[in-house]
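Colleague: Just need the whole structure built from these sequences, with the hints factored in.
The lines below spell out each chain.
Number of protein chains: 2
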Amino acid sequence: MIGRLNHVAIAVKDLAASTALYRDTLGARVSQPLPQPEHGVTVVFVELPNTKVELLEPMGADSPIAKFLERNPDGGIHHICYEVDDILAARDRLKAQGARVLGSGEPRIGAHGKPVLFLHPKDFCGTLVELEQA
Amino acid sequence: MIGRLNHVAIAVKDLAASTALYRDTLGARVSQPLPQPEHGVTVVFVELPNTKVELLEPMGADSPIAKFLERNPDGGIHHICYEVDDILAARDRLKAQGARVLGSGEPRIGAHGKPVLFLHPKDFCGTLVELEQA
Numbered sequence: 087m088i089g090r091l092n093h094v095a096i097a098v099k100d101l102a103a104s105t106a107l108y109r110d111t112l113g114a115r116v117s118q119p120l121p122q123p124e125h126g127v128t129v130v131f132v133e134l135p136n137t138k139v140e141l142l143e144p145m146g147a148d149s150p151i152a153k154f155l156e157r158n159p160d161g162g163i164h165h166i167c168y169e170v171d172d173i174l175a176a177r178d179r180l181k182a183q184g185a186r187v188l189g190s191g192e193p194r195i196g197a198h199g200k201p202v203l204f205l206h207p208k209d210f211c212g213t214l215v216e217l218e219q220a
Numbered sequence: 087m088i089g090r091l092n093h094v095a096i097a098v099k100d101l102a103a104s105t106a107l108y109r110d111t112l113g114a115r116v117s118q119p120l121p122q123p124e125h126g127v128t129v130v131f132v133e134l135p136n137t138k139v140e141l142l143e144p145m146g147a148d149s150p151i152a153k154f155l156e157r158n159p160d161g162g163i164h165h166i167c168y169e170v171d172d173i174l175a176a177r178d179r180l181k182a183q184g185a186r187v188l189g190s191g192e193p194r195i196g197a198h199g200k201p202v203l204f205l206h207p208k209d210f211c212g213t214l215v216e217l218e219q220a
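Quick note, the sequences are listed as chains C and Y, same order.
Residues in the first sequence are numbered consecutively from 87, following my numbering.
Residues in the second sequence are numbered consecutively from 87, following my numbering.
It is worth saying that the hints were derived from the structure and are not from the lab.
Among the clues, some could well be false.
Which copy? The list can't say, so a pair holds if one copy fits it or any two copies do.
Mimicking DMTMM-like on lysine to aspartate or glutamate, the simulated pairs with C-alpha atoms at most 25 Å apart in a straight line are [what the hints assert, rightly or not]:
#1 K99 <-> E216
#2 K181 <-> D110
#3 K200 <-> E156
#4 K208 <-> D178
#5 K138 <-> D171
#6 K208 <-> E133
#7 K208 <-> D172
#8 K138 <-> D172
Modeller: Set out below in structure tokens:
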């Protein structure tokens, strides 16, 4: 069911410093910062040959990653995103097997303009999993 | 400098259950368990179309992931591995920029039979980074 690893998301406190680290120290290609007020984050995409790393900086105190950064002041891997061909079929299959879908259970439009869902970390090896329609 | 995302490693307490989750619930292709006594772990590879997830179960109390699982009893993402063309050149470039290389600083042979190094999480957005010679 799951397909490509779409991205690994790393929450960071200082997006400019983290972008410079990936660009200058690790020598990767990075995007301009992309504010996403509807998701409460500003994102920089680190473009690797086979996938992306996304650096997420909280936008405001209500940001979904603000609490994560309180617990992890150095930053850290926040979630991992797998692509699926049919997000509603994937959701129904997962729910039938007892996995918990976060929020209302209805897909929202994610950072790439496609429907996404998040799955409960306790059901997936302590890892917050995002599913994105391929 | 960094190239492909070689793998994302997830530490788990129960490798059989986590393998079944990725195979049966998430519908991914998984390998047989591969004991790696020299690294203190047993590994299952989850083969995605563009990269791998590695499920790591500690082998013995001295395992490098045992402490991580004490702090994260549900499991969690342990490290992320980027490929580099020349691991010694990469190491020297990183050290010259002030990044800390873990251990002796000399590459060891990793899980895929290639030289690897680990970088200090505090220097890389709170993320333990493995570099592997491509």
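Colleague: Take the hints in turn and mark each one as holding or not.
Modeller: Each hint tested on the structure:
{"no.": "1", "hint": "K99 <-> E216", "in the structure": "both (21 Å within a copy, 22 Å between copies)"}
{"no.": "2", "hint": "K181 <-> D110", "in the structure": "between (43 Å within a copy, 13 Å between copies)"}
{"no.": "3", "hint": "K200 <-> E156", "in the structure": "neither (29 Å within a copy, 37 Å between copies)"}
{"no.": "4", "hint": "K208 <-> D178", "in the structure": "within (18 Å within a copy, 39 Å between copies)"}
{"no.": "5", "hint": "K138 <-> D171", "in the structure": "both (19 Å within a copy, 19 Å between copies)"}
{"no.": "6", "hint": "K208 <-> E133", "in the structure": "between (29 Å within a copy, 22 Å between copies)"}
{"no.": "7", "hint": "K208 <-> D172", "in the structure": "within (23 Å within a copy, 38 Å between copies)"}
{"no.": "8", "hint": "K138 <-> D172", "in the structure": "both (21 Å within a copy, 21 Å between copies)"}
Against the hints set out earlier in the document, a violation occurs for number 3 only.
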